[in-house]
Amino acid sequence: MDDSSHARDLQRRGNHQLASRITDHYERIGLPRFYVITIFNETRPEDFYVGGEPTPIGVRILIDHIARHSTDKESREQITRWIKRILHPYMEKHEGLHWEFHADETSEDLWMINGLVPPQGGSEVEKAWATANVASPY
Amino acid sequence: MDDSSHARDLQRRGNHQLASRITDHYERIGLPRFYVITIFNETRPEDFYVGGEPTPIGVRILIDHIARHSTDKESREQITRWIKRILHPYMEKHEGLHWEFHADETSEDLWMINGLVPPQGGSEVEKAWATANVASPY
Amino acid sequence: MDDSSHARDLQRRGNHQLASRITDHYERIGLPRFYVITIFNETRPEDFYVGGEPTPIGVRILIDHIARHSTDKESREQITRWIKRILHPYMEKHEGLHWEFHADETSEDLWMINGLVPPQGGSEVEKAWATANVASPY
Chain C
-9 MDDSSHARDL
1 QRRGNHQLAS
11 RITDHYERIG
21 LPRFYVITIF
31 NETRPEDFYV
41 GGEPTPIGVR
51 ILIDHIARHS
61 TDKESREQIT
71 RWIKRILHPY
81 MEKHEGLHWE
91 FHADETSEDL
101 WMINGLVPPQ
111 GGSEVEKAWA
121 TANVASPY
Chain A
-9 MDDSSHARDL
1 QRRGNHQLAS
11 RITDHYERIG
21 LPRFYVITIF
31 NETRPEDFYV
41 GGEPTPIGVR
51 ILIDHIARHS
61 TDKESREQIT
71 RWIKRILHPY
81 MEKHEGLHWE
91 FHADETSEDL
101 WMINGLVPPQ
111 GGSEVEKAWA
121 TANVASPY
Chain V
-9 MDDSSHARDL
1 QRRGNHQLAS
11 RITDHYERIG
21 LPRFYVITIF
31 NETRPEDFYV
41 GGEPTPIGVR
51 ILIDHIARHS
61 TDKESREQIT
71 RWIKRILHPY
81 MEKHEGLHWE
91 FHADETSEDL
101 WMINGLVPPQ
111 GGSEVEKAWA
121 TANVASPY
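Residue numbers (the working numbering), protein chains in the order written: chain C, -9 to 128; chain A, -9 to 128; chain V, -9 to 128.
These are calculated hints, taken from the structure and not from any lab test. We put the beta carbon where it would ideally sit given N, CA and C, even for glycine. You may find that some hints are simply not true.
On the chain A side, residues computed to face chain C include the following (Cβ under 8 angstroms) [claimed, not checked]: (1) GLU36; (2) VAL40; (3) GLY41; (4) GLY42; (5) ARG66; (6) LYS74; (7) TRP89.
Here are the in silico distance ranges between beta carbons for each label pair [stated by the list, open to error]: (8) PRO35/V x GLY111/C: 21 to 27 angstroms; (9) GLU82/V x ARG3/A: 31 to 37 angstroms; (10) ASP54/V x GLN7/C: 23 to 29 angstroms.
Same shape as in the complex, but just chain C (with noise of 0.2 angstroms):
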């Protein structure tokens, strides 16, 4: 294994664990595992700029939020300080890094999964494909 195929390596390991830990996250609140996709996007320096300049190290994290909403502003707090805890350990690993996140709420009737209606927030069929972790028709 030559340097470069073991940075490689070493990179998706750390994206495996990173996805696998806010997976847990999201399970420990009753959605389905398959519910949490989480995708990377390496960015160029040349191409990633905070305030105009380009920047080495920085992660812009965009999360969307469908299965579960906010009702007023003491729960998007509550959702934002639960974000960070989940990310926190990951991002403080590395010494002067920028990294900022932003969730968006859309509306859950305008969501498929595999061509299926998701089921209601904490119902029966939620737990039931939670359980299987797997969506199938109900």
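Guided by the hints, dock chains A and V onto chain C, whose structure is given.
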């Protein structure tokens, strides 16, 4: 043509066909064809996780609806079934594919094409844009 | 420097300048410069379709506004014209370019930079962040 360029050619034709078919559906409900932009981002399995696990054949579709919006839950569900009917024939070709889509609806007031404010939905100007298939001052 | 690295160098300087000019505008209305993140994603023509056709020179700009929001239709239209004025000089350089932007406004309550809740818009703390051009506990 070697194997790799052959595969890429097949993919290009597949992308073109899918983008074209998606656009046909939006045209049918009165939108100018150029309102529909379709962007494909190929992702490596080690960058794409469903439920925390790398997923070799997964598709995550993000849709922004700007020109037309739903008015209530029923119309959102109708839009969702409509999107499913567009995508389903392309997705079901792949055995074991995990695919998910969601749509976001954002304000038509925060939108411009070629520096022009798009005309009101259903207006005569929009019809003229649709016929010409190009944005022009009005 | 060969032709290809020369082209890349030109592109890098173009990206840097555009990101810097965009940031200048947001700074002028009181935002800390580091609130503005600009990410460039180069897309192959066979991955970018306008109206179902591959488009060699097309630009699709997605903007998330989090720190400041519009209050009504008039203010949204004002923001849209303001964005156009920022981008137009860079887009009009390219003959026959198809370009489109839209902005989404998402909750400032679902947002953190470097693990910190950004201060209220227009507050003394935000001004201090803008002056220091760095996020710090308050």
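For each hint, the structure was consulted:
no. : hint                                   : result
1   : GLU36                                  : holds, 4 angstroms
2   : VAL40                                  : holds, 5 angstroms
3   : GLY41                                  : holds, 4 angstroms
4   : GLY42                                  : holds, 4 angstroms
5   : ARG66                                  : holds, 4 angstroms
6   : LYS74                                  : holds, 5 angstroms
7   : TRP89                                  : holds, 6 angstroms
8   : PRO35/V x GLY111/C: 21 to 27 angstroms : violated, 41 angstroms
9   : GLU82/V x ARG3/A: 31 to 37 angstroms   : holds, 33 angstroms
10  : ASP54/V x GLN7/C: 23 to 29 angstroms   : holds, 28 angstroms
When the structure is compared with the earlier hints, a violation turns up for hint 8 alone.
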